[in-house]
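Engineer: For the protein sequence lines, the chains are A and B, in the order given. Heads up: the first sequence is residues 1 to 304, going by the working numbering. Heads up: the second sequence is residues 305 to 608, going by the working numbering.
Just so you know, these hints were derived from the structure itself, not from any lab. Positions of the beta carbon are idealized from the N, C-alpha and C atoms, including for glycine. Check the hints yourself; a few may be wrong.
Stated by the list, open to error - Chain B stretches covered by chain A per the calculated footprint, using a threshold of three residues with CB under 8 Å from any CB of chain A:
id, segment
1, 488–498
2, 577–583
To be verified - A few chain B positions that, by computed beta-carbon distances, are all more than 12 Å from chain A:
id, residue
3, GLU429
4, ALA467
5, VAL504
6, ARG590
Unchecked claim - Computed, partial: chain A to chain B, Cβ under 7 Å:
id, residue
7, SER29
8, THR54
9, GLY72
10, GLY191
Number of protein chains: 2
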Amino acid sequence: MSQQGALTVAVAQYAPAVGDRRGNLELGSAWVRRAAEAGAQLVVLPELATSGYTFSSEPEAAAAAEALDGDGAIAAWQALCHELQLYVVAGVNERVTDRERFNSAVLLGPDGRVGLYRKAHLFFEESFYFQPGDLPFPVFDLPFGRVGMLVCYDLWFPEAARALALQGADLIAVPTNWVANFRRRPVDDHGWTMGNYAAVGVATQNQVFVAAADRIGEERGVEFVGCSCVVAPDGSMLAGPAARDRETLLVVRVDLEEARRAKARTPHNHTLGDRRPDLYAAAAARAAVADALAPSAPPAVAAR
Amino acid sequence: MSQQGALTVAVAQYAPAVGDRRGNLELGSAWVRRAAEAGAQLVVLPELATSGYTFSSEPEAAAAAEALDGDGAIAAWQALCHELQLYVVAGVNERVTDRERFNSAVLLGPDGRVGLYRKAHLFFEESFYFQPGDLPFPVFDLPFGRVGMLVCYDLWFPEAARALALQGADLIAVPTNWVANFRRRPVDDHGWTMGNYAAVGVATQNQVFVAAADRIGEERGVEFVGCSCVVAPDGSMLAGPAARDRETLLVVRVDLEEARRAKARTPHNHTLGDRRPDLYAAAAARAAVADALAPSAPPAVAAR
């Protein structure tokens, strides 16, 4: 395992509490410390780890938000990254103005804030409280490799993970709040939830590591399914899926160089070089024409 | 289950023999008859079902090829579709000229040939014998719904399945020859091969059915892994994975309308309408600029 790519990654699965900024700060800090004790150099916390998920009103969502330069959880976790000399990816309710918030993921490191991503694809009632993300899938250079971030529902949009891979991402950190609702069978006989299959799909399509930290518990009728996981570039489940209903810290040693080696799967293939942008563009043009020619038919692609 | 979307789909898993055009014709016909007896309206046969996979020379690949309008397997299976009043998707070694062939999938029906797809992403030594496909992911209207085709390695390119979904595909038929080689663990503890995860990934990202017919057996040191499967739009495994090493016919009743309903996952979401083409385009532009600015560094995207 080369020094450059070697990394101990941890994902923390627990239950943030809706609206409890102070409690969520302390909870997240405790999990980061626990991960540090286990040797983690990168710790992933769940989506909206600062605020909880299920807001009941705009004032509640606003009161639970954190400005990036505020003195709440982001500042506290940043200080912790300095103290413990590690990196943290955390889902945050990001305050921009009184009325403008994003469902974001921050990447914090020993020397301050390294990166920011804002969830591009909003699920269910998130659009009541958050703006759709405006950052085109940034990738960040860290000492051990290149890291991108996605949040939950983003995993179902293969374009998002592909955008990260094409910019050289070796690992995608995924703060998530996978819900049990809206699905017939939240967790199957293997103990996998649909998010695990989505994570494996994204990993194997892009030959990247995926580290997904889900939450557990229930908030106002919305149940979360745990099943946090770390997946290898060949689609292997390296850690997890964690239990559906128990706090869990997954810790696993990886070599991020594997994400690069896996792309040269045979002497004749490079999985990103084998792409056919010419055909993808032709197909996209054809889909657009079909939509334009059939405006009154049920559209293949619904309007937002 | 509405009449419109109701469909009994079958995938046939067996071992074609390299170079044996006559034998492969008869083998495929027998599997189509067996599927018809089981009530199938759509039967999927493996990749290169007419020719076998592992050619050792250009003349051998040429001799094993079928012209679309020839009197070999394609004509025979077309006649069978008429006789049995069903549809067949079959992988064929398609002859265009003496020197030009495609690794294709044909869609045959009761009234003749309905569709053609040519594998866009060639794996391992296929590029010695086949041209890269030149058809931008066509989708075909059948009485029970809209069907697209992909072949094997195409499943690892999320752009391909996405192109089919954006053109309204309800089901993706996948003739495949998944290989055991090039992977540390061809089949995992669940009895799944990497292709199963790829199929589930594609199904759940696009809310489409995926019906993948793999082959079994060994040809000149290349081992195939079976594990044929039918996956639902929510990622559930409806049939299979089949055994790694046994002939199998999977037959399953589906409602293709589910592929459309699944896209409206919540009252606030349509999974194709939720796409963010603005961000995807911005990310693609940034990846291209990064490549252009660092011509001497290891490219994020290798040249073909």
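Engineer: All hints, please: hold or fail.
Structural biologist: So, going through the hints one by one against the coordinates:
1. 488–498: Satisfied; 5 residues make the cut.
2. 577–583: holds (count 5)
3. GLU429: Per Cβ check, GLU429(B) is inside 12 Å of chain A; nearest 6 Å; violated.
4. ALA467: 4 Å, violated
5. VAL504: Nearest chain A Cβ is 5 Å from VAL504(B), so the label is violated.
6. ARG590: 6 Å, violated
7. SER29: SER29(A) check fails; min Cβ-Cβ to chain B is 32 Å, beyond 7 Å.
8. THR54: 14 Å, violated
9. GLY72: 28 Å, violated
10. GLY191: Violated, because the Cβ-Cβ distance from GLY191(A) to chain B comes to roughly 10 Å (cut-off 7 Å).
Hint violations for this structure: numbers 3, 4, 5, 6, 7, 8, 9 and 10, all remaining hints satisfied.
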